[in-house]
Amino acid sequence: MYAVAGRVKDEDIALVRDRTSIVDVISETVTLRSAGGGNLKGLCPFHDEKTPSFNVSPARNVYFCLAGETRVITDQGIREIRDLAGGRHRVITTHGRFVEAPFRSFGEQPLLHLKLSRNGQKKTVRATGNHRWFIRGRTGDKRIERTTADLRPGDRLAHVFPRALATRDGGHTLSPSPFGISRGIVFGDGTLLDRGSIAILYGNKDKELLKWFPLNDTYVSDGRITVTDMPAYFKTDLPPLTESLSYLFGWLAGYFAADGDVAADGCIALDSAHREHLEYVRDVCTRIGIGTYGIREYVPTGFPDAQRPNGEKGCTTPIYRLTLMGGDIPEDFFLIGAHRDRFVAAGKKHERRGWVVEAIEDHGEVEEVFCPVVDGTHAFVLEDNILTGNCHGCGQGGDAIKFLMDAEHLSFIESLERLAGKAGLQLRYDTETGAAPAPRPQAGQKQRLIAAHAAAVDFYRDQLGSPGARKAREFLAERGFGRDAAEKYWCGFAPDSWDALSKHLRLKGFTAEELTAAGLSKAARSGSLIDRFRRRLLWPIRDLSGDVIGFGARKLFDDDDGPKYLNTPESPIYKKSHVLYGIDHAKREIAKRGRAVIVEGYTDVMACHEAGEPTAVATCGTAFGVDHIQVLRRLLMDSDSFTGEIIYTFDGDAAGQKAALRAFEEDQRFVGRTFIAVSPDNMDPCELRLARGDLAVRDMIAGREPLVDFALRQTIARFDLDTVEGRVEAMRRAAPLVAKIKDREKRPEYARKLAGDLGMDLDPVQRAVNNALRGEAAEQQRVPRPQAVADSPQRRVEREALKLALQEPVLAGPMFDAVGPENYGDQVLQSVREAVAQAGGVSSATGGVVWIEKVRDACTDMGGQMLVGELAVEPLYVDGAVDPRYVQITLARLQGGALATRIRDLKSRVQRLNPVAHKDQYLALAGELFSLEQQARALREQAAGEL
1 MYAVAGRVKD EDIALVRDRT SIVDVISETV TLRSAGGGNL KGLCPFHDEK TPSFNVSPAR
61 NVYFCLAGET RVITDQGIRE IRDLAGGRHR VITTHGRFVE APFRSFGEQP LLHLKLSRNG
121 QKKTVRATGN HRWFIRGRTG DKRIERTTAD LRPGDRLAHV FPRALATRDG GHTLSPSPFG
181 ISRGIVFGDG TLLDRGSIAI LYGNKDKELL KWFPLNDTYV SDGRITVTDM PAYFKTDLPP
241 LTESLSYLFG WLAGYFAADG DVAADGCIAL DSAHREHLEY VRDVCTRIGI GTYGIREYVP
301 TGFPDAQRPN GEKGCTTPIY RLTLMGGDIP EDFFLIGAHR DRFVAAGKKH ERRGWVVEAI
361 EDHGEVEEVF CPVVDGTHAF VLEDNILTGN CHGCGQGGDA IKFLMDAEHL SFIESLERLA
421 GKAGLQLRYD TETGAAPAPR PQAGQKQRLI AAHAAAVDFY RDQLGSPGAR KAREFLAERG
481 FGRDAAEKYW CGFAPDSWDA LSKHLRLKGF TAEELTAAGL SKAARSGSLI DRFRRRLLWP
541 IRDLSGDVIG FGARKLFDDD DGPKYLNTPE SPIYKKSHVL YGIDHAKREI AKRGRAVIVE
601 GYTDVMACHE AGEPTAVATC GTAFGVDHIQ VLRRLLMDSD SFTGEIIYTF DGDAAGQKAA
661 LRAFEEDQRF VGRTFIAVSP DNMDPCELRL ARGDLAVRDM IAGREPLVDF ALRQTIARFD
721 LDTVEGRVEA MRRAAPLVAK IKDREKRPEY ARKLAGDLGM DLDPVQRAVN NALRGEAAEQ
781 QRVPRPQAVA DSPQRRVERE ALKLALQEPV LAGPMFDAVG PENYGDQVLQ SVREAVAQAG
841 GVSSATGGVV WIEKVRDACT DMGGQMLVGE LAVEPLYVDG AVDPRYVQIT LARLQGGALA
901 TRIRDLKSRV QRLNPVAHKD QYLALAGELF SLEQQARALR EQAAGEL
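Going by the UniProt record's numbering, the sequence shown runs without a break in its numbering and finishes at 947.
If you're looking for bench data, these hints aren't it; they were derived computationally from the structure. Treat the numbers as computed from the prediction; the structure is a model and nothing was measured. Yeah, the Cβ is synthetic: ideal placement off N, Cα and C, and Gly gets one too. Just so you know, not all the hints are guaranteed correct.
Unchecked claim - Computed cross-link-like contacts, BS3-like style, restricted to lysine-lysine with a CA-CA straight-line distance of at most 27 Å:
1) K522 <-> K555
2) K742 <-> K592
3) K575 <-> K422
4) K471 <-> K564
To be verified - FRET-style restraints, in silico, Cβ to Cβ:
5) L192 <-> R744: 38 to 48 Å
6) E513 <-> E365: 49 to 59 Å
7) K471 <-> W498: 47 to 57 Å
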């Protein structure tokens with residue numbers, strides 16, 4: 001019972017609850033979608049999240065956001081969740097990614113037993129009744145969310161495995177380390193000897209493993225091969241999980257070759273007498289991305305002579321078996337030919353990876369429960385790869401009355417009266433025995449302020465038709481809005497009076513304190529009450545529920561010395577950082593279409609809506625910020641599982657570009673895709689509609705481009721990309737933008753695109769992005785002028801060509817002379833090429849010491865002279881005698897490399913040109929690019945061969 005509930009009859013409170021639909025109340029603030037089982041879900045309005053965790057149960061008329069517990073897969077192995085509480089750990093989330101999350105205790109809660117089965121194995125998970133689970137749909141590609149209490153026998157729980165780094169179809173590549181392989185073989189088939197360890201290989205099968213010990217001494221005795229001289233830890237220690245993935249993959253392959261087997265049907269199993277070894281193998285498989293089934297225990301048969309501890313005969317020591325999923329394993333994992341042959345022969349087969357619900361039982365248990373809080377997905381993976389929801393940290397829950405109290409910061413009585421009014425109920429108040437009837441309390445302050453604004457709207461709308469409002473009507477008409485539009489958006493006019501509205505509202509019973517608190521009136525210097533707005537066109541600003549909470553006012557007259565736009569000041573109901581103009585009109589279309597268009601002004605919102613884009617909203621006297629984002633995310637269901645669109649519209653001028661770049665900074669708060677639509681000729685949507693019609697507005701929004709593309713283009717456009725300095729500086733400024741892209745899968749592609757736009761190699765651009773990701777300072781990100789390094793392929797070809805000129809001038813002859821110095825990218829090598837020309841050219845040379853001295857004397861610097869001596873004796877990269885074909889191939893590759901650099905630079909210039917605005921220049925460069933690519937193709941054909 002709430003503290004103030006006794007002032008209203010209990011039966012009336014119950015009637016309000018009964019007559020109120022919690023779905024209708026919450027839908028005014030939160031976009032709800034089906035969560036299965038009759039429940040609904042949305043983004044929780046009480047805490048920041050990216051995946052819907054806010055659950056509504058219409059049948060119970062309550063909402064909740066709760067938790068659960070069990071064993072969890074971490075990057076350090078499977079851990080008891082109670083052992084993780086109080087720390088931050090890396091867990092698997094949706095799509096098989098590892099993310100860091102804090103683990104917390106959520107106090108004592110009732111627990112249910114969830115009985116599961118898979119491939120004959122059974123297990124029990126204990127969880128709270130409201131803990132979230134993901135059920136696979138019939139097609140397997142859709143996940144339905146249900147709570148533990150709502151699960152039904154036969155439901156198939158969703159499963160997630162780590163991203164495979166080595167797969168059967170070659171989709172990913174991970175090569176096993178030879179050092180890891182040898183250690184794994186010793187661990188499985190080795191033993192300790194003196195201070196080290198040895199591997200013992202038996203039979204023809206194990207002979208195949210000998211090649212992994214090329215540097216070790218071996219001994220053959222009694223049909224076995226003994227490999228010696230290995231460290232003891234190869235046998236005694238398991239490799240740390242922090243080892244490289246290649247090393248762990250190699251260790252697993254070696255261990256499997258020693259103790260594993262592939263059955264005729266393709267079943268891949270690893271046996272061990274030590275369960276902890278197989279637990280470790282599961283952890284290694286998790287790190288690599290290989291799926292596993294549970295560990296089974298069995299007692300071998302067929303050993304009747306085995307001696308038991310009690311003296312009886314027969315084997316009782318259990319053996320443990322772990323089965324691996326073949327779909328995640330490549331052929332080169334199998335080091336033994338027989339294993340590989342059976343694996344290939346079995347082919348791909350269906351692998352049942354998910355668990356099925358058998359029963360949900362209530363044993364009356366109440367215990368402390370634990371859960372992580374996973375940002376973004378709000379989901380994590382339990383032991384045996386079961387995907388489950390997590391708790392979200394806010395602990396909010398209750399009924400419709402409680403929701404209004406929390407969401408709109410109302411008192412209990414304010415919430416109750418608002419719901420009663422919507423339900424058409426008259427509340428009755430208790431009278432105490434022997435006392436006079438208690439008077440009906442005044443409505444709460446917030447309701448009074450909202451009522452004052454409602455009365456002000458009616459007053460201002462009436463004034464728009466008055467003679468004094470002609471200027472306001474003309475303003476709207478000049479922008480394409482007639483009487484119907486003015487009525488639709490409740491436009492009004494503040495008359496040429498100091499206190500007309502204040503007097504009007506005082507007559508309706510509102511106090512001076514209420515009008516001042518609402519921001520509708522203010523105190524004059526004389527102490528009298530005067531209107532906040534005067535001689536202005538007004539737009540009422542409404543919240544998500546449709547209540548008017550403030551006004552935006554436009555100056556109309558030149559003698560008005562106030563600002564162009566004047567908004568309601570901050571008040572108990574008006575917070576400009578939370579308010580979006582037009583949200584009341586747009587909210588349902590935003591939720592329906594999955595997108596929101598952000599414009600800059602009131603008339604822009606009207607223009608977009610009238611033009612057929614009803615998702616437009618605008619800020620009110622402040623920049624688009626974090627709190628605005630929260631409002632939109634709840635409407636968009638912005639999450640990892642639902643991709644909405646945010647489309648910014650800005651003018652194409654400098655201010656608009658600056659606003660767009662600022663929007664990119666905030667973009668990282670959205671999961672949904674974020675775009676920008678820039679109007680032609682720097683027109684805003686209202687001007688565009690007036691000039692070119694409704695279709696032009698829709699076309700502008702349809703022609704949106706990703707905000708990151710726009711941000712990168714605007715950033716690098718400030719630099720001269722035809723110079724090395726300009727390209728490097730542009731890279732420094734643009735690389736942090738690539739690093740900020742929230743979708744990590746897109747970063748490499750944008751790094752590659754940035755390199756192309758800049759006309760640079762990918763390596764320095766990727767380094768700059770990686771530095772930005774690591775948070776290094778700008779000074780640390782500075783990259784020196786790109787120069788060819790000694791072992792680069794192009795510099796190697798340049799050196800080879802000069803070696804031919806110095807060592808084989810007769811063969812090189814005219815072919816070498818025809819390839820000029822401009823084809824050399826290295827400055828020192830280019831100076832040697834120029835010295836060859838100064839010495840008379842290769843065609844005039846006969847070879848020998850005299851020719852080399854002549855070239856050396858022609859060099860103008862010490863470095864070139866020393867390089868000539870070096871190139872004159874350095875061996876050529878060719879086996880046997882040099883022939884004209886080798887010279888031809890070398891020179892063709894030299895020209896091809898130089899041409900590739902020119903093509904890259906030219907592509908960068910073409911990509912930066914607008915083909916419409918600079919049509920002639922674009923066509924000329926495109927023609928030149930086509931010609932160069934044709935030459936490059938011919939050179940590649942000519943250079944077919946190997947150096």
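Consistency of the hints with the structure:
1. Distance restraint check for K522 and K555: the Cα-Cα separation of roughly 19 Å lies within the 27 Å cut-off, and the hinted pair is therefore satisfied.
2. Straight-line distance between C-alpha atoms of K742 and K592 comes to about 25 Å, which keeps the hinted pair within the 27 Å bound.
3. At roughly 25 Å between alpha-carbon atoms, K575 and K422 fall within 27 Å of each other, so this suggested pair holds.
4. Simply put, K471 and K564 have alpha-carbon atoms about 15 Å apart, close enough for the 27 Å limit, and the pair holds.
5. A hinted range of 38 to 48 Å holds for the C-beta pair L192 and R744, which are about 45 Å apart.
6. Checking the proposed 49 to 59 Å range against E513 and E365 shows it holds: the Cβ atoms sit about 55 Å from each other.
7. Between K471 and W498 the Cβ separation comes to about 18 Å, which falls outside the hinted range of 47 to 57 Å.
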